[in-house]
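Student: Same order as they appear, the protein sequences are chains A and B.
Residue numbering for the first sequence follows the working numbering, starting at 35 and increasing by one per position.
Residue numbering for the second sequence follows the working numbering, starting at 373 and increasing by one per position.
What the hints contain is simulated information worked out from the structure, not anything from laboratory work.
C-beta atoms are modelled at their ideal positions from N, C-alpha and C, and glycine is treated no differently.
Just to be clear, a hint being listed does not mean it is correct.
[Claimed, not checked] Here are some chain B residues pointing at chain A (derived, C-beta under 10 Å):
#1 Thr419
#2 Trp445
#3 Met479
[Stated by the list, open to error] Ranges of calculated distance between the beta carbons of each label pair, as one might list FRET restraints:
#4 Thr200/A / Cys492/B: 26 to 34 Å
#5 Arg202/A / Thr581/B: 46 to 54 Å
#6 Gln611/B / Glu89/A: 19 to 27 Å
#7 Ala632/B / Phe257/A: 50 to 58 Å
#8 Arg542/B / Arg153/A: 47 to 55 Å
Here is what each chain is made of, one letter per residue.
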Amino acid sequence: MTYTATEMMTIAAARALTSEDICFVGIGLPSAACNLARLTHAPRLTLVYESGTLETKPRVLPLSIGDGELCDTALTTVPVIEMFQYWLQGGRTTVGFLGGAQVDRYGNLNSTVVGDYARPKVRLPGSGGASEIATACHRIYVVMPHGVRAFVDKLDFLTSLGHGLTGRERRALGVRTDGPTLIVTDLCTMRPDPETMEFAVATLHPGVTAERVRENTGWPVRFHASVEVTPAPEAHELSALRDLLQRTAQEHGVH
Amino acid sequence: MAEFLALSDAVSRFVKRGDSVALEGFTHLIPFAAGHEIIRQGLTELTLIRMTPDLIYDQMIGSGCARKLVFSWGGNPGVGSLHRFRDAVERGWPRPLELEEHGHSAMAHAYAAGAAGMPCAIFRGYLGSDLPRVNGRIQSVVCPFTGETLAAVPALRPDVTIIHAQKSDRHGNVLISGIVGVQKEAVLAAARAIVTVEEVVDDLETAGTNAVVLPSWTVHAIAVAPGGARPSYAHGYYQRDNAFYTEWDSIARDRDRFRAWIDAEVIHGRSDAAGATRT
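Bound-form chain A, shown alone:
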């Protein structure tokens, strides 16, 4: 079965989740990955969205974090202040999924501006929940397509803390959660070096060369000692993902 690089990325991200996880979900790729996991190998995966929907099981992917579908299929829905106070800050979520316009070698993320803050070249949406998700969830998975404009040597703005500018900032700031432990892209998966906390390539997706990852990364990217090939998407993973996206397109009136 043939598949696209985006499908590989979504499936690789979904595989990182388990039925034991309580996952704080963002919109877009994270939402697709989390719901795919729930529909395949992790049926008891618990999803919470920042709109206050706890244990939601959407039939189609929401376009926003507050679609009615999320509330209709949730165990319960709590006020937004409660979501951030008790459920996020209270340490009840095991995994947070984040993305951004830029990520650096330590998994720090920028979703605020490209260019100078006061006179930005591109004004991005901003933090939303990310600046606290980054430190309150037990660990963070980052999903972003590879490219030199996204995988940068130096962020224009640090919205959400990864392992900091030297890899040691979490402990210095008294943050006790693990931070980013996985980056999934359309070319590879990356995990931090346990000593330096710098992200290095752990697996290459089928057919992707190390050279291609180097060309698409804005810093001299390192590779773990034994880089393996990411298992290719299986037929049941692809069909579950495609069915989900097709149901979603129909529901949203996109044909």
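Given the coordinates of chain A, work out where chain B should sit on it, guided by the hints.
Tutor: Chain B in isolation, oriented as in the chain A frame:
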């Protein structure tokens, strides 16, 4: 006690030029009809407060209503950019927009602090983030019991909060259900509150439930505005118009097309909920 008014009267009586105004509703129950009425009345110099500016603030910013924006996520959910917001920040059109930028956790805490009559909100946040470097209102305090450094932001106290709710009873008590967002906190934090509703009923039928109910004496004006949250949604009444959220991207991308849309749908629209009634 809440007074039942036409939406145009509620806005002209309770919203003034230069006010700080919060139109809340977390994706759900966004008060579009009220926002359009503010545009029609030509109110300017407003400080607009909202966690997720969404299409309604894109429309108000593009129409020149706002001097300043207090916010935590300025995108078109699931679609991309808010182009009028970006044009104001990146190119100062139709006028420069001052930003006070937070994260969601800070904004939610700040509304709750406002509702609680506290001067500030304290929470664990912004650790390692650059946001405190560009927003002087993000400070820190040290916990007197543990020594932990915590983030502090000033309480939000809007001059006016406007929300849309499913219904009120004839006494002006208001019911919100579904994704309830920060509306209760935003209303209780404000000096004045306007609520638009889908309908007025004899009985809210909330006895014995823990539904979110705002008593009549926390609200100044109620205006009936069926469809007043479109193209967002009102749980139990109508769904979110996801196709319009997608279409907005191309409308808002171009200044002339945006102005033509505002002129046709809001200024010369058909009702209080004009523009919002397009679906």
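Student: Work down the list of hints and note, for each, if the structure agrees.
Tutor: Now for the hints, and whether the structure bears them out:
1. Thr419: violated (17 Å)
2. Trp445: holds (4 Å)
3. Met479: holds (9 Å)
4. Thr200/A / Cys492/B: 26 to 34 Å: holds (31 Å)
5. Arg202/A / Thr581/B: 46 to 54 Å: Holds - the Cβ-Cβ distance for Arg202/A and Thr581/B, about 50 Å, lies within 46 to 54 Å.
6. Gln611/B / Glu89/A: 19 to 27 Å: Distance hint for Gln611/B, Glu89/A holds at roughly 22 Å.
7. Ala632/B / Phe257/A: 50 to 58 Å: holds (54 Å)
8. Arg542/B / Arg153/A: 47 to 55 Å: At 53 Å between Cβs, range holds.
Violation of the numbered hints given earlier is confined to hint 1; every other hint is satisfied by the structure.
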